[in-house]
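2 protein chains.
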Amino acid sequence: MEIIKYPSRNEWRKIIERPHLDTLALHEKVSNILNDIRENGDSRIRSYVEQFQGVRLSDLEVSEKEFTKAETLIDPKLKDAILTAKENIAKFHSSQAITPQKIETSPGVTCWQKAVGIERVGLYIPGGTAPLFSTVLMLAVPARIAGCREIIMCSPCDTNGNVHPAILFAARTAGIDRVFKLGGVQAIGAMAYGTESIPKVYKIFGPGNQYVTAAKQIVSLKDVAIDMPAGPSEVEVIADSSSSPEFVASDFLSQAEHGADSQSILLTTEESVIEKVKKEIEYQLERLPRKELTQKSLEHSRLILLKNWNDVIDLTNDYAPEHLIIQSSNYRELSEHIINAGSVFLGPYTPESAGDYASGTNHTLPTSGYARAYSGVNLDSFIRKITFQEITREGLQNLGNTIETMAANEMLDAHKNAVSVRLAKINQ
Amino acid sequence: MEIIKYPSRNEWRKIIERPHLDTLALHEKVSNILNDIRENGDSRIRSYVEQFQGVRLSDLEVSEKEFTKAETLIDPKLKDAILTAKENIAKFHSSQAITPQKIETSPGVTCWQKAVGIERVGLYIPGGTAPLFSTVLMLAVPARIAGCREIIMCSPCDTNGNVHPAILFAARTAGIDRVFKLGGVQAIGAMAYGTESIPKVYKIFGPGNQYVTAAKQIVSLKDVAIDMPAGPSEVEVIADSSSSPEFVASDFLSQAEHGADSQSILLTTEESVIEKVKKEIEYQLERLPRKELTQKSLEHSRLILLKNWNDVIDLTNDYAPEHLIIQSSNYRELSEHIINAGSVFLGPYTPESAGDYASGTNHTLPTSGYARAYSGVNLDSFIRKITFQEITREGLQNLGNTIETMAANEMLDAHKNAVSVRLAKINQ
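Note that the protein sequences, when read in sequence, are chains A and B. Residues 1 to 428 (the working numbering) are what the first sequence spells out, left to right. Residues 1 to 428 (the working numbering) are what the second sequence spells out, left to right.
Keep in mind that the hints were calculated from the coordinates and are not lab data. A virtual CB, placed ideally from N, CA and C, is assigned to each residue, including glycine. Hints should not be assumed to be uniformly reliable.
Stated by the list, open to error - Coverage of chain A stretches by chain B, computed from C-beta distances (three or more under 8 Å per stretch; other residues unrestricted):
| # | region |
| --- | --- |
| 1 | 241 to 254 |
| 2 | 345 to 358 |
| 3 | 398 to 406 |
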């Protein structure tokens, strides 16, 4: 952990820098795999699964029997937790639906938007040591609410050809019909181009390693949309002497355990807070099972002392953290000034893990400063807003000359003529 | 014009294909220019302006004097038209603002979204024969409504160092403060990286040629967000024997005049419509100033006869047109079934040019089938939705075990611990 006291504004640039993920260097390698999938479909996918998962699959798709079996394998307590989380995520994302208004912009000219779910979406859930069933809920629940007609999911299987039962249970709970047993670049390629057994989708969601990120970037240049650019996870905590050092330290560590490249920073205006939090982090760290990995991530974490609350607000907005936890006593007031962040957690009893799992907000959020331009995944991510308009005869009589004048000045005479032929008919 | 009668569903794939824009082939060339701009800033930009616009600029930015002069150079009729269009665009885009709701997802757990304008946005307006002042309005008006703090614009100047007065008038009308005299890849690079005189932005909007499109793709991989992928413009018109062939032909031609690569298709279930529209297109074409260019685009336009309305709906949704004009008498009913389109124009008196200029809807729309996954530019394009949450002691007591169970099953013990330390304190 680095302690930085009263950095000048010139030094802020260094503080807000993120570890640079050079996915461009992987583009050639990843493109080759993608082209291979595009050209050879299922047969190549089976070879890749054999190579990476060590199992030869006759059927890439999870069967109904496997879904049923998965349910029997899960602890009832976990089942209940998944169901509770699902309910909360559904409540919050349902509240984001728009009620389209018809607007008469000028007499006889009516315009409106209609929100329509993206027809086919593909969710990617990485494999690895931990089964990310929470990410299944975060992506599939809003997709269902948005009205996406076909939601498919790809997730790698183990060496026995099984996908983790908690992932399958979460998928079924969220209403996903089809799950395919493959991971990595191959999964992104299969969903982007379609194969004999895996349908092509229009938008791909979900986290992944640098190869998956590179694959998403490449397919997004031409073939499908993607949720957002991805980078290592990060948290910023704001604290003062009223904050519990124990709580702050626990939030710091829960970010750090994500991986060696994840980042935690603490901002405070009180020097005593730094020492207390540092001590508490060291104490809690000793008791964590993932101690070594977490320690590595802590190496590039920073405890920063600033002069005043204005500096706290400005540095926060410059940094644009993925997660922002405000535990200082003035948290309500500070929150009014936050303009760049993914998701904000307010007060002492709102740990980031609440939003990671079960409070209802989404945990797929913009990292690496992308919060300056991107929202986290929300209901909008799964819909398009199509505009509609209807103009009456009188409406065109009113607005026709305006359109004609503008078209003529942009030297688009056929555009003008589309109005002129109609006005001529109206005035016959 | 190609006439296609009763194509089988197998032939649809061919019909919905778009001319492929291979921007990847330009990536190396464009990357070199971008790197040059990133490293050398203003001085390199001045050389590029000299090279492409043939003028050596001492100041890249449009001066207050130039804005004032521009206003005196514009026909009062055009001024009025721009002001009317601006009002309508403002009305429609203002209506898209969300009213954030606070949702109690479970007792003591409150979640909400807050819409915040992207702080710095950059608008690109291409040069060329026609001054695209309408695009200035379409991008700058919603940016202002969204509350973007800094809105800058780049547009190439002429050989005398002047930006077209209608562009400057539209910019000032829409509330843009700073306009820079440069175009092409250089403009995209300057806004993505920032230079001595041009500020870096977080999101870049606006149309452009294939080089500009490639540049936007490249900078979007790492440095800034962009509005959406771009391709040639296109329209689909649905007509029946109740439709005026004259109106349909005028809409067809107004699309065709955009450029040799733009596409128009007509869908109908009545054979007589095809002949009548074809004849009328040929008649109107003779009278258009941009006849040759328009004729070239018409070469890859298609008049398609289908068996029934179901086929019309399905092919439309498969094609996912940027613009969809429904002039058949059942236009209201058909419109209910449209799920893939950028902007839809309903009834006989609603030409596309209304939405291109002045009805209030946006004209920056997804082409090339991107309407399957993307919305056109709207108020959302200029904001982020940040999520907030606050949990009370009681809230965490209720939800804490759910979070702990899920975290433990994802093997994220520090995540679990962030809840456990709080529950321990509550239960002390």
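Okay, the hints, checked on the actual structure:
Counting residues of the region 241 to 254 of chain A whose C-beta sits closer than 8 Å to any C-beta of chain B gives 7, which meets the bar of three, so the coverage hint holds. Counting residues of the region 345 to 358 of chain A whose beta-carbon sits less than 8 Å from any beta-carbon of chain B gives 14, enough to reach three: the coverage restraint holds. With 6 residues carrying a beta carbon less than 8 Å from a beta carbon of chain B, the region 398 to 406 of chain A meets the three-residue requirement, and the given coverage holds.
Against the hints set out earlier in the document, no violation occurs for any number.
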